[in-house]
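S.K.: Top line first, the protein sequences correspond to chains S and W.
Position 152 (the first sequence) corresponds to 159 in this note's numbering; numbering is contiguous.
Position 128 (the second sequence) corresponds to 186 in this note's numbering; numbering is contiguous.
It should be emphasised that the hints constitute simulated quantities derived from the structure, not laboratory data.
Don't take each hint at face value.
[Stated by the list, open to error] To be clear about the criterion: a stretch of chain S counts as covered by chain W if any three or more of its residues have a C-beta under 8 angstroms from a C-beta of chain W, and this derived list gives those stretches: (1) 22-28; (2) 40-53; (3) 107-121; (4) 135-141; (5) 174-186; (6) 260-274.
Glycine included, each C-beta is placed from N, C-alpha and C at the ideal position.
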Amino acid sequence: MSSNMNNSSYRLWDERRGKIQSKKGGWVVGNGIFNHGYSMMDDLVGKASYMQVLVLNATGRLPERPLADWFEACHICMSWPDPRIWCNQIGALGGTSRASVVAATTAGVLAADAKTYGSKPLLQGVQFIQSAMQDHRRGVSAEEIVSNACAKHRGKPNITGFARPLAKGDERVVAMERVQKQLGLPTGEHLQLALQIESTLMKQFNESMNINGYASAFLSDRGYTAEEIYRIFAIVVNSGITACYVDTNDKTPDAFLPLRCTDIEYTGKLARPVPC
Amino acid sequence: MSTERRKVESRNDVFVERTETKIWLEVEDQHNPYLADSCLCHGYDLLELTQKRSFVEVLYLLFRGELPGIDEARLLEQLMIALINPGPRHPATRAAMTAGVGSTDREHILPIALSIYGGSHLGAGEVEPAMDWLRKQRKHDPGQVAKELIANGTPPGEGDWHIAPGFGSRFGGVDPMATKIANHLSSLPGTHETLTWGCEFARALNSHTLGWLSPAIAAAVFTDLGFSPRAGAGLFQLLGAPGLLAHGVELSNKPVTAMPFVKDENYVIQYE
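Kindly generate the complete structure, drawing on both the sequences and the hints.
M.R.: This is the structure in structure tokens:
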């Protein structure tokens, strides 16, 4: 493409018109499909697991198989077919209104881009434990880290990665610790600190570490950044959403948690005429 | 940590029995409690609204709880027209067009485009921060705010600089359309404290090749109309939706060759 106009203020954009410069890879017709320097068909298909390639695409680094298996187990932990969970309910509502499975599942995934659950809190979880680790290296104890964090929330243990909505305790952490052991993946300094923080929280508030806190610390020990972890877990809730979609899509339309008119409580203005 | 210590116990949170709304009342039909015989929007009968009020007035009613005055309705309607189409070069519109030409199911075109229009660069993700920022800054002298931001800010190494949410450069320059739209809207009858402040702030930025961007125009008008910042992102998406959809639909019966496909020689793989 050419232009008669030329100005340094928009040269950046002119240089990119009609071109793509990818640091990731691409399809070179007749030569192959390339992904971060690997030939997809020769180096990855049949040799690497889907989860290894997913992490490769999200970070540019191909993890070892045991770590990829840990990621896969963690994905299983973080999505299950209960339509009372918010993202799953969106899948169920998609099923009952006969949206496509893709629309319903992606809508549910989008819903989990939330402050309180899903993948986004991993950003805060990682930021917390990595910041806490920096403090800890300077001599701040786990007790002081908890105390400082609580001071920001009027004394409440409002720390991303610890405690969780609806219930105390987190069975997923227990399962993942078992998987970690089976895979021979050692506990590093971030996870050790997270466990110390958990001990403090248990003593003071009877609150434990949740799956976010565990994964954030475990992956911080392996050099992943918060943004990388968020990207890896972008669609972590998808399979449970699909299951909830299927459940309602296979049943009568508009029959999932049906509401009578009076099942919505109206607290607004009383009936009034529209002014002319 | 032992399994016992992670024993899962319900918090027994107390949830409401029924979802509450101040917006909409569906009055049940006397024969079937699942059917609505009439609907009230903030107390006004929906069918009466259809006969006596415009779309834009009812839109305002939905979010504010009261019908707008003439000036408010005019300002909102003109903003809606001004932002009806992000234009065929905006990434969100291109997403709609790409979905259209790729024969994506048509019901997906708008959600796809709106998701991209949610971005924090020239998208809905910039509106709520802009509303929050404008609400705080409008108490101060706009020239002084601009001066301090310029003095203390650092432009990015490359690309546009958004010196404040919704204000900055576009393609290295001041966006003339955004400037014209903001100036026009601020000239409409009525009190537009935030919009007026924004115009003065943008003027103070212009000599640094910075100015209004469309998310801040929407943010200023939404603020002056009394909308909650929490509604800002969605309203911005709503306003741009017609254009996004129109461009997607326009290409939805065309072959994939109706949009450029970057040639192999212009596709460069650059591994680090």
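S.K.: Are there hints from earlier that the structure breaks, and if so, what are their numbers?
M.R.: Violated: hint 4 alone.
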